[in-house]
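Chains A and B, in that order, give the protein sequences.
Under our numbering, the first residue of the first sequence is numbered 126, with each subsequent residue one higher.
Under our numbering, the first residue of the second sequence is numbered 128, with each subsequent residue one higher.
It is possible that some hints are incorrect.
[What the hints assert, rightly or not] Selected chain B positions facing chain A (in silico; Cβ < 7 Å):
no. : residue
1   : Ala147
2   : Gln148
3   : Lys165
4   : Ile169
5   : Glu174
6   : Phe292
[What the hints assert, rightly or not] Computed list of lysine-lysine pairs in DSSO-like fashion (alpha-carbon distance at most 30 Å, straight line):
no. : chain 1 : residue 1 : chain 2 : residue 2
7   : B       : Lys217    : B       : Lys231
8   : A       : Lys200    : B       : Lys186
9   : B       : Lys217    : A       : Lys200
10  : A       : Lys157    : A       : Lys170
11  : B       : Lys241    : B       : Lys186
12  : B       : Lys231    : B       : Lys290
13  : B       : Lys231    : A       : Lys200
14  : A       : Lys300    : A       : Lys257
15  : A       : Lys148    : A       : Lys299
The hints are simulated quantities; they were obtained by calculation from the structure and are not laboratory data.
Think of the CB as a built atom: it goes at the ideal place given N, C-alpha and C, for glycine as much as any other residue.
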Amino acid sequence: MSDENEKKEKPVQVTLYDSLSMKQTLDDAVVKYITDKLGYKQNHKMNYIKVLLGFIGCCLAALAQFYPVPFPQNKPILIVCVFFYAIISTILYYINMFIQKDYIVFAVKESNEKEIQVSSTLPRYDPNYTIKIEYRNISTPTPITFTKSIDQYFDIKGYFVQDKFFNDLSGVFKKFITTNKAE
Amino acid sequence: MSELIGKLNPFSNIPKYQIAQQIINFGLIVSTALMIWKFLMIASGSESPIVVVLSGSMKPAFERGDLLYLDMNEGPFRVGEIVVFKIEGKEIPIVHRILQIHEKSNGLVDILTKGDNNPVDDRGLYAEGQLWLNRNHIIGRARGYLPYVGMVTIMMHDFPQLKIFLVVVLALFVLSTREQ
């Protein structure tokens, strides 16, 4: 297949010691691994909801600003807009704090199989990247966690060593699937 | 060279749909600021609840660059109150003290103002032929103040490039940082 040969992937380079971009690189790699190698499909529902709510919020703000009636008379419209905007803001905050938390991806293999969620943490000033895989909405199967120091995955110039990371990931996922098949 | 461009371009690593999220994020920051302003408008009853003192005409009470919080309600005006008003045809609001009030039997008022630091009353500032201010000229009564905080606004007014520069910097910053 000549297409795959032509699609040469550029190695990702990050600034060393920038833990935020390193975590994002690792998270992106996890997502890529799940979708490309394992054939999972991502569930973007939460993200779409957030974008939609954000868009409605911006529309409310535009309405409040550009409504053609001058100030004291447009008070009812303003009150309505501010009120709904506050509600939307609260919902978005709630989604970010309590629903999305540390999770970097929700995915399913086939449409009727159980959905998995993967969360990752990279604490400040700590080189250990921890990844946790578990089933969504089902608490009984055990989540699998895996920790490794990120210096294993980036070379001196800051290039991300994808193959090494994918090797480790495949071990983790195999472990997850076998542990949970034993139910 | 292409590495440099790759590093400068924050979009090269971001998956497609997240670009919409980034733009919405920027819109939400602007919208939140706007909504806070609208909320203040509703709470204070004034069309411009926060103004910056632009001239030194109220020294020593207020200096150029002070920030004022305004209130506006149906209650009567009183001599000695500091009010902010706008003259027809001039868009800059003026912060001065009420000198005289004449209440007519139908409830309308004629008001004369003067800046504490000015030698004469404000008749010279009013519109052509206007001798008095009325309630509809007044944006609000000064209720609270923060010294010197408004200097930023004055600088942005004097140097509009600064305003554009700040907005551009903010936009770039928000658009190029991803949510985790």
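- [ ] Please flag the earlier hints that this structure goes against, numbers listed from lowest up.
- [x] 6, 8, 12
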